[in-house]
Each structure stands twice: as C-alpha cells, then as structure tokens.
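With the hints as your guide, set chain B with the ligands onto chain A.
Top to bottom, those sequences are chains A and B.
Start counting the first sequence at 0; every next residue gets the next number (numbering that gives the first Met the number 0).
Start counting the second sequence at 0; every next residue gets the next number (numbering that gives the first Met the number 0).
There could be a bad hint or two in this list.
SDA-like mimics (lysine to any residue), calculated; alpha carbons at most 20 Å apart, straight line [claimed, not checked]:
1. A/K81 x B/R152
2. A/K96 x B/R152
3. B/K156 x A/A91
4. B/K31 x A/R24
5. B/K32 x A/L43
6. B/K31 x A/G2
7. B/K146 x A/E79
8. A/K158 x A/G115
9. B/K147 x A/A91
Derived Cβ-Cβ restraints for the label pairs, each shown as a range [said to hold, decoys possible]:
10. A/L61 x B/S185: 35 to 43 Å
11. A/A249 x B/G130: 22 to 30 Å
12. B/V111 x A/G64: 41 to 49 Å
13. A/M39 x B/K32: 50 to 58 Å
14. B/E98 x A/E262: 47 to 55 Å
15. A/A205 x B/E182: 52 to 60 Å
16. B/G109 x A/A62: 43 to 51 Å
17. B/G130 x A/G64: 31 to 39 Å
18. A/A249 x B/I122: 55 to 63 Å
Interface residues of chain B toward chain A, partial, derived using beta-carbon atoms under 7 Å [what the hints assert, rightly or not]:
19. P30
20. F33
21. S36
22. V44
23. A72
24. T79
25. V87
Calculated from the structure, these hints are not laboratory results.
Don't be surprised by glycine CBs; every beta carbon is placed ideally from N, CA and C.
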Amino acid sequence: MRGFDFAAPTTIQGALKAAKGKKYRFIAGGTNFLPDLRHMHDGLPQLVIDLSRVDALRGVSLAKGEVRMGALTTMTDFLENKIILREAPILAAMSAKFAGPIIRNRATVAGNLIDGGPAADSVPPLLALKAVVRLAGPGGKRAVPLDEFFTGYRRTVVKPGEIITEVAFPAPGKGHKWGYYKLARRNAMAITVVGAAAVLKLKGGACREAGISLGSVNPAPIRCYEAEKILEGKAVGLALAQKAAEACRAASAPIDDIRASAEYRKLMCEVLPRRLICQALGIPLDQG
Amino acid sequence: MATATKKKKAAGSAKKAPARTSKRAAAYTPPKKFPISFRVNGSEVRAEAPAHTSLLYLLRDLGFTEVKNGCEAGDCGACTVLLDGVAVNACCVLGVQAEGREITTVKGIGTVENLHPIQKKFIELGAIQCGFCTPGMIVAAYELLEKKPRPSREEIKAGIAGNLCRCTGYVKIIDAIEAAAGEMASSKGRKS
Ligand SMILES: Cc1cc2nc3c(=O)[nH]c(=O)nc-3n(C[C@H](O)[C@H](O)[C@H](O)COP(=O)(O)OP(=O)(O)OC[C@H]3O[C@@H](n4cnc5c(N)ncnc54)[C@H](O)[C@@H]3O)c2cc1C
Ligand code: FES
Ligand code: FES
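The following block holds chain A by itself, in its conformation from the complex:
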C-alpha cells in the first residue's frame, strides 16, 4: 500500500483547514474506514484526517427543547447517555441491536450517516424523530433535515470539505410513544433486512404528530409521509394502523439480496409498522 498522510486536528477550524485542496478522508471511529481500506487500492486518499480529537464534536445536550448530539456521539452513548435515555429511548433500543458492544464503542452517529447505506441503523429512528444534520464547511455552516440528507444509494448532500458537527432533534416530550424493530438473520452483528421505527406524539387520545420510517428497503432509509398523514389528528385504532402500514408498504422499494427476497421485505414493510404502531399505542394485535 502506498500509504497516506495523517492529521489529527483538535478544532473544527483545524479540521476544515486540513481538508483544503486535498484528496482527503475524515475518520472518526474507523469502523467503516478500516474494513474498507483493504479494498481501497485505487481510491486511496492522500490524507486521512482524524476527527476523534475534536472535542467540540463531542457531547449530548438538551437546549430549547432540542436534543443535540455531537458528531462523535457513539452507539454506546445512545445506550448510556442520560439525556438520550430519558428523551429518546428509541435510540437506545436501536443501539442495542447495532453490531455488538465493541463496535458500538467506536461507531459514531456521523460515521453512520455518512456511510449512507440503506442499512445504516441509526437512520430510521433519527428520521422518525425528525432529526436535522448540522454541517460546517468552507462555505460556512448549514443545517439539512435528515429526510433531505440522502440523495441516493450511499450518496449524501455533504459537499467536499464539509463535516457533520451535530445531529439534533426536537425532544418528542414526556409520554410520547415509540417503537423500533430490526429484522435481521441474527440477534447481533447482523446487517438489517428491514428496519422500522415509529415515534408518536399524542394529545387527548389522538395522535398529534407521527414519525414513521423504514430502513434497508430503499436506496436510503425513508420517512413514510403518507403513513404519518393517515395517523395525524386521529384517534388511532387497528383499522387506521393497518391503513398506515399499507402506506408504508407502498412507499418501499426493496431489492433481492443474499439476506432476503424483495417479496419478503415488501411484506415486512407492512407487518412491522403495523406491529410497532399497535404496540406503541396499546392496540390489541389479535387480528393483525
């Protein structure tokens, strides 16, 4: 291997400056970068910039009703951070199914988003939470809603020289209901066959706001806007949950691969959302 240059800046400005005019790659936890490195023969970067020493990219806070997670927040943080556990337990439920504990210690939320794969597990719950991605780059700062972040298979809106600084979402509030399911061939260390997430905010017996999303069944994880609309403003029972689930199925466009057939995935795109919505709202699933 020809090797590459290496820089470990300690500030966001330092990281942006290091990237200027170079064929660079950022690295955080390294859990995507190092396994990929073995196949990178031609596309090798000139320079690898380690973000793991930039303290400004660390930490979780709650401010103005918004949960803010630094880019370096790990999947282990999702399981242990008090703010996340209290405000968005769906992220902990997702993380418990993400790889295994050792990978979780290094896997960062920004790395998972940049990975951009259909099976990036943190994406469905973050979509259901209506997260926003904050970026810093040569052209200044900007924020992109997560549902506009992916532009295709492993493609994102991130421009050359830009880094993710933070991922944030409005705290769904006390008493919100949620559900997450990772359908996979093993209990751990498995790539998702279908991922589904639901976050439901209630008011007086009705669903005030819904966030429903699917992973692994489109080029990038998607939010199911139709399903959300079906639920919003209504007192949800089995019939509406079923209608929303059908809308989820309609929004999915799965493919065949070694893990499952498209046909099976399509079916699960209805089964899983229905189950999650019903379980979250305490609707008996007898007929489902």
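Here is chain B with the ligands on its own, set in the frame of chain A:
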C-alpha cells in the same frame, strides 16, 4: 569474485537503483512513517509506522502477539483491547490514532503469576479450547463486568456478542464469566 561483485552491488544499490529501474518504480517512495508514542499495559512504547497501519498490526509488530488477528474487519473480536479503558477492535483503529493513549491487552488484565478472576475461571471451567478467541473474549468480559458487575446470562451473551468462538459453543465461556462475576463480588465484599 562473485561474492565480491555482489557485495559491491549491494553497497552501491541505494544510489544506483534509480538508474536501473523503470520510471514507475523510480517514482515509488515508501509510505511516510509517523512516530507514535503510547502506553501498553502500563509501559511507555515508542514506535514508527505508516498511517495506514492498524493498531492490530502495530501491536503485533511490537511483540504484543496476544492480540489476535481473526478477520481484520471488526467481525470476530479476537483483536479486542482496551483503549483508554474502552473495549475496541484493534483492527478498526489506526495505529496513529493511539498516539498518547493507554492500551490494555489481555496481559494487562492479569498475568500468569497473578491471574485476574476472569482468566482464572476461564481456565478452571474449561472455557478455553484452541484459545484463539480467548484474549479478546477476556477483554470484552472485563469491560462487561466493569459496567455490570452481576450480569444475567442473557446480559453476558449480549456482552460477548462481538466475539466469535469456533470451539467452545460459548456455554462454558458464559459459565466462566458468571463465576468470575460471583468471585469478584464476594472478594469485594470481603475487602470492605
Ligand atoms: C463488524 C461491524 C458491524 C457493524 N454493524 C453495523 C450495524 O449493525 N448497523 C449499522 O448501521 N452499521 C454497522 N456497521 C457500520 C459502522 O460501524 C457504522 O456505520 C458506524 O456508525 C460508522 O462510524 P465510524 O465513526 O466508525 O465511521 P468511520 O469509519 O470513522 O468513518 C466513516 C465515514 O464517515 C465519515 N465521517 C465520520 N465522521 C464524520 C463527520 N463528523 N463529518 C463528516 N464525515 C464524517 C468519514 O469520512 C468516513 O468516510 C458495522 C461495522 C462493522 C465493522
Ligand atoms: S481481527 Fe479485529 S475483529 Fe476480527
Ligand atoms: S477456544 Fe477456539 S475459538 Fe474460542
């Protein structure tokens, strides 16, 4: 005569090499090396390596061969070490990222003369067969027991989910971790 020429060639090769090689080879420069100083099991270590060297290769090249190479892809856990007290797959960390950090391998958790309870129970309860997974398994178990001193068997399973064992079938590994937790709890009780 032959040996003499050979010697001469070898001595002068550094200077003459470019003239004899193709353009492509002449353009080759060996990858830049980076100084890395860090601590391994409490000792200061200074090394030099290209930036693409993984922490796994760096440690093994330095003689810490208790850190095993099973897959180089984060899948098997054989390379598990503690980095500043956190369990990581050494194959998924760049060596240069360890600059200034503290690494603990299975030998830092306990030595042959002074075994850690986890190591003792692995031996006593037959949780080791070929032993290839053991160094990583013990480091993973160590972190698990730091976080959850009395885990259930289900929690132990989840705690070693990132470590593959091709021999034992895991049952004895789970037994050993459970027994170690018990021993650590009772010795802690005795001390206080
Ligand atoms: C064995 C194994 C199991 C896995 N299991 C799962 C799983 O169950 N679910 C899942 O979703 N993923 C899984 N992954 C994939 C991986 O662990 C995650 O995608 C992880 O979140 C990547 O984060 P990282 O910090 O390690 O990324 P890195 O490898 O450090 O970086 C990946 C990419 O992200 C970019 N990047 C990182 N941070 C930033 C930033 N702040 N700004 C801009 N760019 C940035 C880097 O430039 C790089 O291109 C697994 C990986 C392995 C090896
Ligand atoms: S060698 Fe690192 S996980 Fe297998
Ligand atoms: S004892 Fe052989 S791999 Fe575990």
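- Of all the hints given earlier, name the ones this structure violates by number, lowest first. Those not satisfied are hints 1, 11, 12, 13, 17, 21, 22.
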